[in-house]
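Respectively, the protein sequence lines represent chains R and F. Per the numbering used here, numbering of the first sequence is gapless, rising by one per residue and ending at 137. Per the numbering used here, numbering of the second sequence is gapless, rising by one per residue and ending at 578.
These are computed hints drawn from the structure, not numbers from a lab. Idealized CB from N, CA, C, for every residue including glycine. A hint or two may mislead.
As the list claims (entries may be wrong) - Pulled a few chain R residues facing chain F out of the computed Cβ check, cut under 8 Å: (1) Gln3; (2) Leu10; (3) Arg12; (4) Glu16; (5) Asn19; (6) His36; (7) Cys42; (8) Gln96; (9) Tyr98.
Stated by the list, open to error - If you want the footprint, here are the derived chain R segments under chain F, 3+ residues with CB under 8 Å: (10) 54-68; (11) 120-131.
The primary structure of each chain is shown beneath.
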Amino acid sequence: MKQGVNPDDLTRPFWEAANEERLVIQNCTACDRLQHPPAETCSKCGSGAALEWKQMSGRGRIYHYGVVHDCPIRLLQEDQPFNCAVINLDEDPGIQMYSHLPGTPVDEVPVGAAVELVFDTAANGQKVPEWRVVTDN
Amino acid sequence: MATENAPRSMYRAREGLGVWEHRGEVAAVGIGHGPTSRRWDGKPDTSVGAISLLALRKAIEDAGVNPEDIDGLVMDELTTTGAFWPQGQELPWDVINAYNRTDAPLDGITQLSAEWILKNMPELSGVQFTMYGRVCMSNAIVVAAQAIGEGRAHTCLVLKAWHNLPGRYYQTGPNADDAIPGTNAMRSLWGTPACYGTAIQFAEYCRKYGKNHDMMAPFISNSRRNGLRFPEGYWAQHRPEEITPEDYKAARWIAKPANLFDNDIPIMCSAAYLFTTAERAPHLKQKPVYILGHASSRGQARSFIPTLDEVEAECASSGRKLLEAAGITADDVSFENLYDGFPQFHQFHMEGLRYRGIQPGEALDFYQTDISISGPNPVSPSGGNIGSGRSRFWMHTDCIQQIQRRAGERQVTGVEPVIGVSGGPMPTGGNFTCWSATPNY
Ligand SMILES: [Zn+2]
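Chain R extracted, bound-state conformation (with noise of 0.2 Å):
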């Protein structure tokens, strides 16, 4: 299981928007550019007003995947061995997220497949943006 999550100052919008199965990302609006992770400025033109919280469709694609069998996080230790993979969100190939791919077996991971986003549990509760394989067209 993963470990709760205590939303700070830089990211509530983040998780208060995944408690309400959304994905918002950061955007600059002078640069129209996404980034994640969110920092408190633009790391291209440094801005910090003009940041604001998107939505994304929730569609991506998976870059590549790891199978992790000695995880440093107790709460995760007992899932062992358990895919993480890279996805790519399709708004934007350049921001990355991790997914540990729900209902993907360990090391069948389809390198490239379009994923969709899916909502798991943490430890206290808090929702955190997963993403699943899109097996139907």
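Given chain R's structure and the hints, the job is docking chain F with the ligand onto it.
Showing chain F with the ligand alone in chain R's frame:
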């Protein structure tokens, strides 16, 4: 004397800077290593401060300089391998009081300031220049070379040390908590070990070029074999164990496609070099090894993990910058000692430099040829971190020793050791040095 971090301007991180303005004006003339250990045993004479004093004094003796003639000290005050003094645990006052302490009680134990070094080496009475080259020996080398080139010091010690404490790596602290702050959670909620990012890059590399994990076996075996011929190293000193290709292929996964041997072992260790000007160097005990150039990489990943495209672009840029700074071509390089911790990114560094003309995607095939110290294409003759434990400095020591022909059982025999390159750590962030037998190659 307050010691500051080196300004960014001392690192040559941009492309197009041309030949290093101090090409051949700085030389390495002394090497000293402290003993290695897996973890600190709590005794005063094995602390990170103690082994650093040993390393520094050995480097001075090796060079044959009068300690009073040394006017510079460049080092890193950070020494952690990932281990921190546990909150609430009583401070080791017997160790603290065994030395001349600073205001920070754990100085010399879990950190190491220039002030602590100078307080405990009264023989260094002439040091007027100190600076921190933070992160790795590769930083400290670049900063010291630049400092001597700019005339800030003429004879300068360069030091990097690491401490490791009891307890398993990364298993304590926030990783054992039931909940973590939202900012950390963005990255760490998925439980990826440290090698994961490199494993992803390696997996994508294998997919793109049609290679596989087993093709790393000759590189790993060669690295450990070379390391076992490095008497200053951890494996040679404590556990002289070869890694056969079969051992490598059978090892347990950490984050597949990274297994146990695709990770290095955190240790306690310390190394020091003595650098001086090209004018002074010929009058000292050892054959000088000249620095032809240095270059740094400060790549920024767009998101969490640098993609293979980002890694390859940055390594190619680092290679171009280093060769340009040194005023040489890849064909001039006798041997390479680019960083290997993690070994799954060693090929990115090597391909970026175009070592022996290899192009992106060709390194794993190159590993299937003779890459030993006796062949025409030595790869990592130091053995790197896989050969001797995590120090990030074996590669530099080896470049100096090879060119001085003092590498002992590791001495390359298939090539003339005239030009060596070392550097790292990360493919998207590191510092690289070109070493030469002559100042005006
Ligand atoms: Zn912006």
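Okay, the hints, checked on the actual structure:
no.: 1; hint: Gln3; in the structure: holds (5 Å)
no.: 2; hint: Leu10; in the structure: holds (5 Å)
no.: 3; hint: Arg12; in the structure: holds (7 Å)
no.: 4; hint: Glu16; in the structure: violated (10 Å)
no.: 5; hint: Asn19; in the structure: violated (12 Å)
no.: 6; hint: His36; in the structure: holds (6 Å)
no.: 7; hint: Cys42; in the structure: violated (13 Å)
no.: 8; hint: Gln96; in the structure: holds (4 Å)
no.: 9; hint: Tyr98; in the structure: holds (4 Å)
no.: 10; hint: 54-68; in the structure: holds (count 6)
no.: 11; hint: 120-131; in the structure: holds (count 4)
Violation of the numbered hints given earlier is confined to hints 4, 5, 7; the remaining hints are satisfied by the structure.
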